[in-house]
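Asks: Going line by line, the protein sequences match chains A and B. Residue numbers for the first sequence follow my numbering, beginning at 1 and rising by one. Residue numbers for the second sequence follow my numbering, beginning at 1 and rising by one.
Among the clues, some could well be false.
[What the hints assert, rightly or not] Each computed DSS-like pair below joins lysine-lysine, with the alpha-carbon atoms no more than 25 Å apart:
#1 K204(B) with K499(A)
#2 K201(B) with K73(A)
#3 K58(A) with K152(B)
#4 K74(A) with K119(B)
#5 K201(B) with K74(A)
#6 K74(A) with K204(B)
#7 K129(A) with K119(B)
#8 K58(A) with K204(B)
[To be verified] These stretches of chain A come out as covered by chain B in the derived footprint (C-beta under 8 Å, 3 or more residues):
#9 61-67
#10 71-77
#11 90-99
#12 105-113
Honestly, the hints are just simulated from the structure, not real lab data. Glycine included, C-beta positions come from ideal geometry on N, C-alpha and C.
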Amino acid sequence: MSSEPIERRVAYIGDRLRGSRCQLCGKEYFKIRDYCGNCGKKSIGKMEEIDLFYEKGKLEVCTLINNPTNKFKKIGRFIYGIVSFHKGKIRIPGRLTDRIIRNEEEIDFSSLEGREVVPRFRRRYAVKKSEIIPTISLTFTFADEYYPHQKYEVAKPNREYDTPGIVGYGVYVSKFRIKEAFMERSVPFIDEDAITAAVEAGKLALIHSGVDHRLIGKIYVGSESNPYAVKPIASKVAQVLKLGEEDSIDGVQGVDAVDTEFACKAATSMFKDAVSLVYYPKSNVEYAMVIGADNSQAAPRGEPGGELDFFVGYGGCCFIFGMKDVIAEVEGWYSVTSDTPDFWRRDQEPYPRHGGRFTGDPAYFKHIKKASQKLMDKFNLQPQDIDYFVSHQPNINFPTKVAKELGFKEEQFMPSLQVAKFGNTYSGASPIGLAAVLDKAKPHQRILLASYGSGAGSDAYLFITTSQINDKREKQKFTVEYQAQNQFIEYVDYAMYRKLKRGLEA
Amino acid sequence: MPKKSCPAIIGAGRTKFGEHYEKEPEKLIEEAGLKALDSVGIERKDLEACYVSDYFLPLTNKIGLEEGFLSELLELHVPMEVARSFSSAFMNACNAIIAGKYNLMLVGGFEKMTDRWDKIRDDLMMLEDPWSYYAGGTPEANHELLLREYIKEYEVTGQQLEKLEIALAQISVKNHLNALKNEYAQFKRKITVEHVLKARKRAKGMLGLYDFAPISDGATAVILASPEVAESYTDKPVYVLGSWSATDYITFPFREERTGFLATKLAMENAIKATGIDRKEIKILEVYDQSTVMEMIALEDLGYAKPGTAWQHIYESCQDFKGYYEIDGTKIYVNLNGGLKADGNPLGATGGAQIFEIFKQLRGEAGERQVNVGSSCFGCALELEGFGTKAYVHIFGRDAL
Chain A
1 MSSEPIERRV
11 AYIGDRLRGS
21 RCQLCGKEYF
31 KIRDYCGNCG
41 KKSIGKMEEI
51 DLFYEKGKLE
61 VCTLINNPTN
71 KFKKIGRFIY
81 GIVSFHKGKI
91 RIPGRLTDRI
101 IRNEEEIDFS
111 SLEGREVVPR
121 FRRRYAVKKS
131 EIIPTISLTF
141 TFADEYYPHQ
151 KYEVAKPNRE
161 YDTPGIVGYG
171 VYVSKFRIKE
181 AFMERSVPFI
191 DEDAITAAVE
201 AGKLALIHSG
211 VDHRLIGKIY
221 VGSESNPYAV
231 KPIASKVAQV
241 LKLGEEDSID
251 GVQGVDAVDT
261 EFACKAATSM
271 FKDAVSLVYY
281 PKSNVEYAMV
291 IGADNSQAAP
301 RGEPGGELDF
311 FVGYGGCCFI
321 FGMKDVIAEV
331 EGWYSVTSDT
341 PDFWRRDQEP
351 YPRHGGRFTG
361 DPAYFKHIKK
371 ASQKLMDKFN
381 LQPQDIDYFV
391 SHQPNINFPT
401 KVAKELGFKE
411 EQFMPSLQVA
421 KFGNTYSGAS
431 PIGLAAVLDK
441 AKPHQRILLA
451 SYGSGAGSDA
461 YLFITTSQIN
471 DKREKQKFTV
481 EYQAQNQFIE
491 YVDYAMYRKL
501 KRGLEA
Chain B
1 MPKKSCPAII
11 GAGRTKFGEH
21 YEKEPEKLIE
31 EAGLKALDSV
41 GIERKDLEAC
51 YVSDYFLPLT
61 NKIGLEEGFL
71 SELLELHVPM
81 EVARSFSSAF
91 MNACNAIIAG
101 KYNLMLVGGF
111 EKMTDRWDKI
121 RDDLMMLEDP
131 WSYYAGGTPE
141 ANHELLLREY
151 IKEYEVTGQQ
161 LEKLEIALAQ
171 ISVKNHLNAL
181 KNEYAQFKRK
191 ITVEHVLKAR
201 KRAKGMLGLY
211 DFAPISDGAT
221 AVILASPEVA
231 ESYTDKPVYV
241 LGSWSATDYI
251 TFPFREERTG
261 FLATKLAMEN
271 AIKATGIDRK
281 EIKILEVYDQ
291 STVMEMIALE
301 DLGYAKPGTA
311 WQHIYESCQD
321 FKGYYEIDGT
331 KIYVNLNGGL
341 KADGNPLGAT
351 GGAQIFEIFK
361 QLRGEAGERQ
371 VNVGSSCFGC
381 ALELEGFGTK
391 AYVHIFGRDA
401 L
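Modelling step: build the complete structure from the supplied sequences, incorporating the hints.
Replies: If you want it as structure tokens, here you go:
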């Protein structure tokens with residue numbers, strides 16, 4: 001049985017890798033300290049908090065953990081060692097994650113030692129299903145592999161817009177994939193889940209936008225695979241990314257954090273709320289963050305609902321909305337809903353059920369077409385007036401068919417079609433499609449996004465890119481294409497896929 | 001230091017180390033305690049105080065008020081205190097005797113680790129270094145990281161590294177050899193360098209099963225007396241000439257020094273300073289070989305070998321092993337009882353086994369294990385708590401200072 005207060009305290013320091021620095025002598029510490037050992041009493045009040053979360057460390061020494069302690073057994077073998085920051089001023093213990101070490105593998109420690117590493121936010125270890133999920137960033141991957149190190153630099157905004165829009169975004173999918181028939185799908189590493197994907201996506205969006213994390217006044221996380229039935233993901237994201245005002249180190253952030261759940265449109269649904277909030281002058285919310293993240297659930301093949309197991313992926317996508325330095329203005333939206341139960345999961349059931357053929361025409365197609373058409377009609381637009389069309393992508397056929405039926409050509413919808421690379425990332429699916437388009441779009445292009453959430457509903461949005469889309473592009477190395485075509489992608493077989501997908505639940 | 005300030009050990013007793021499936025923890029210390037009392041002909045009722053130690057019985061056996069169990073079992077109502085390690089209890093008892101508070105005490109230690117076999121590694125690591133535990137560390141990992149730091153710091157590579165690896169294996173082989181003559185040892189089995197190397201291969205690391213001390217149950221006890229009282233019971237007391245400790249950070253990676261233990265160095269320096277003895281005169285050493293690496297670095301931390309060189313002396317001494325390590329012309333006998341590796345390591349009792357061995361050797365009562373170190377007869381015990389978080393050094397002699 002874990003102790004909640006202990007978990008909370010360890011997570012507060014460990015999730016964000018917080019430390020302290022003495023302003024008098026420069027000595028640094030991992031963890032928050034009230035005074036410096038060198039300077040003693042006169043350093044009280046002179047300790048500043050330092051942050052290792054966006055920094056690059058160095059793996060000093062390492063060994064192989066071949067026989068982990070009980071709580072780490074599920075992770076299997078892993079490399080473990082001492083990681084230093086700031087030229088050795090701070091040293092912390094760390095585990096290398098995202099590595100499957102096979103039995104026959106020989107590890108040459110000296111070839112790993114001395115390499116640069118990036119902190120990653122992961123589950124700490126396995127706990128019982130009834131317990132608080134412990135998380136930590138004392139987990140690292142090599143900076144020259146799949147996940148590059150990127151600096152987070154807060155940028156002073158240059159321009160204020162009349163229309164609110166997207167000011168930055170981030171996409172995170174894991175480096176593991178399964179390849180079957182026409183599809184590649186992203187597979188979480190064993191210590192990942194919807195929460196860790198949400199944090200990673202949020203971190204990448206902050207890096208891309210250059211927005212000061214303290215100015216985010218609201219965060220929404222949409223997911224249908226929250227490992228908790230009761231407890232938001234958004235609060236974890238807010239704490240780890242230090243969103244909102246934080247005037248003392250009491251660990252309470254001045255931000256509104258809330259989770260939403262509406263199958264695969266849980267995130268897109270909140271775009272309009274975010275936009276409205278940043279537009280309303282009395283809201284005091286300068287920026288709002290919306291994340292869609294899922295470790296898309298599916299029953300094993302052969303079981304009811306198991307047909308989804310051919311399509312599900314893992315990943316998260318985050319958008320930050322605001323009025324300053326916008327890269328894509330939100331022109332308008334139209335949402336539709338009906339009670340069409342084509343996909344559902346009853347409480348206490350581990351996996352969702354699927355309405356079979358019922359999920360096509362009366363569900364996906366009907367809703368996406370209606371929302372998209374209505375929005376185009378409202379703005380008096382024809383398909384040729386739109387540069388890119390993005391729709392929800394549960395498989396390859398549906399988005400292709402719906403795009404064609406709406407009158408879009410391949411060059412309009414193909415750039416957004418990422419399902420063949422990552423699988424259906426549920427709440428993250430159409431947002432990742434949008435991000436893929438934003439990665440490539442030129443200034444002043446129009447994008448139509450139409451999400452779909454089973455149950456059922458669709459949100460259609462019109463975006464127009466601005467000239468600043470080009471300016472911010474260099475601040476994001478970890479693009480959709482980079483993640484889709486990365487040389488460090490590791491393919492797993494079906495047995496490993498099921499194991500990783502199940503994750504650290506004891 | 002005037003003679004009356006040297007507490008003396010007048011009796012010692014212990015159980016066999018290993019698995020004592022059938023016994024409650026308090027029965028183990030009762031056995032060790034009664035043996036210690038018997039060895040010098042003292043009655044329970046003569047004891048003025050008992051200081052005992054256990055590292056984590058409240059966790060492994062859900063025993064909280066250890067003193068109450070002992071009081072009930074021994075039917076004693078004297079002051080009793082509990083410490084975390086034998087050495088801690090022992091040093092505090094010495095201080096009490098030096099202060100003149102008590103004249104006759106029992107110092108004991110007990111541990112029952114096998115009762116929590118399936119969770120013991122998590123417990124050990126959690127207590128040893130919690131941040132390292134949260135990051136995935138195991139009780140073995142810090143030893144391996146220290147070794148990595150060591151070979152990097154001293155640039156040990158190629159053939160030199162192979163020699164170092166063999167030297168570490170020889171430590172284990174030597175300790176198993178010594179334990180063959182120890183009736184109380186957990187492992188009375190000869191092993192070879194090949195056994196050690198094979199186990200490392202299985203573990204896929206620089207250290208393997210035979211590099212580490214085991215999980216053990218057991219208890220130890222000594223009778224400690226003021227010099228005046230000691231002389232009324234025995235003409236062969238073993239005096240505690242100096243006893244010192246030092247403390248280091250709980251989190252190993254945070255420490256400045258990671259190729260050895262600062263706590264050991266400080267404790268030894270202060271103990272040496274307090275006794276005024278030249279360390280070269282101390283020929284019998286019981287060091288805390290929780291791993292073979294720990295025995296190696298102990299020789300450096302205690303000041304016998306220069307930093308980065310202990311393995312060379314061990315390697316050379318083991319080419320034609322005569323029972324001792326020879327370092328710059330000084331012959332030292334290390335872990336004559338088999339060390340933690342082969343004698344066993346029931347944490348709270350371990351220091352007692354080290355002191356038991358030195359007591360027996362200095363009195364010439366070590367039987368088959370007895371070594372002859374001539375007239376200058378000093379012994380030194382080094383016990384650690386955690387991964388070098390605390391170090392205790394005790395220096396013993398046949399004559400009070």
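Asks: Just to be careful, I want the Cα atoms of K74(A) and K119(B) compared with a cutoff of 25 Å; is the pair within it?
Replies: holds, 15 Å
Asks: Verify the proposed pairing of K129(A) with K119(B), using a straight-line Cα cut of 25 Å.
Replies: Holds, at about 19 Å.
Asks: Is K201(B) close enough to K73(A), meaning Cα to Cα at most 25 Å?
Replies: holds, 20 Å
Asks: Please work out if K201(B) and K74(A) have their alpha carbons no farther apart than 25 Å.
Replies: holds, 22 Å
Asks: Holds or violated: are the alpha carbons of K204(B) and K499(A) at most 25 Å from each other?
Replies: holds, 24 Å
Asks: Verify the proposed pairing of K58(A) with K152(B), using a straight-line Cα cut of 25 Å.
Replies: Holds, at roughly 15 Å.
Asks: Regarding the pair K58(A) and K204(B), is the alpha-carbon distance no greater than 25 Å?
Replies: holds, 23 Å
Asks: With a Cβ-Cβ cutoff of 8 Å, does the stretch 61-67 of chain A contain at least three residues near chain B?
Replies: Result for this restraint: holds, n = 7.
Asks: Count the residues of the stretch 90-99 of chain A whose Cβ falls closer than 8 Å to any Cβ of chain B, and tell me whether that reaches three.
Replies: Our answer is that it holds, as 5 residues pass the Cβ test (under 8 Å) against chain B, meeting three.
Asks: Between the stretch 71-77 of chain A and chain B, are there enough contacts, at least three residues with CB-CB distance under 8 Å, for the coverage claim to hold?
Replies: holds (count 4)
Asks: For a C-alpha distance cap of 25 Å, please report whether K74(A) and K204(B) respect it.
Replies: holds, 18 Å
Asks: Report holds or violated for chain B covering the stretch 105-113 of chain A, Cβ cut-off 8 Å, minimum 3 residues.
Replies: holds (count 4)
The earlier numbered hints are all upheld by this structure, with none contradicted.
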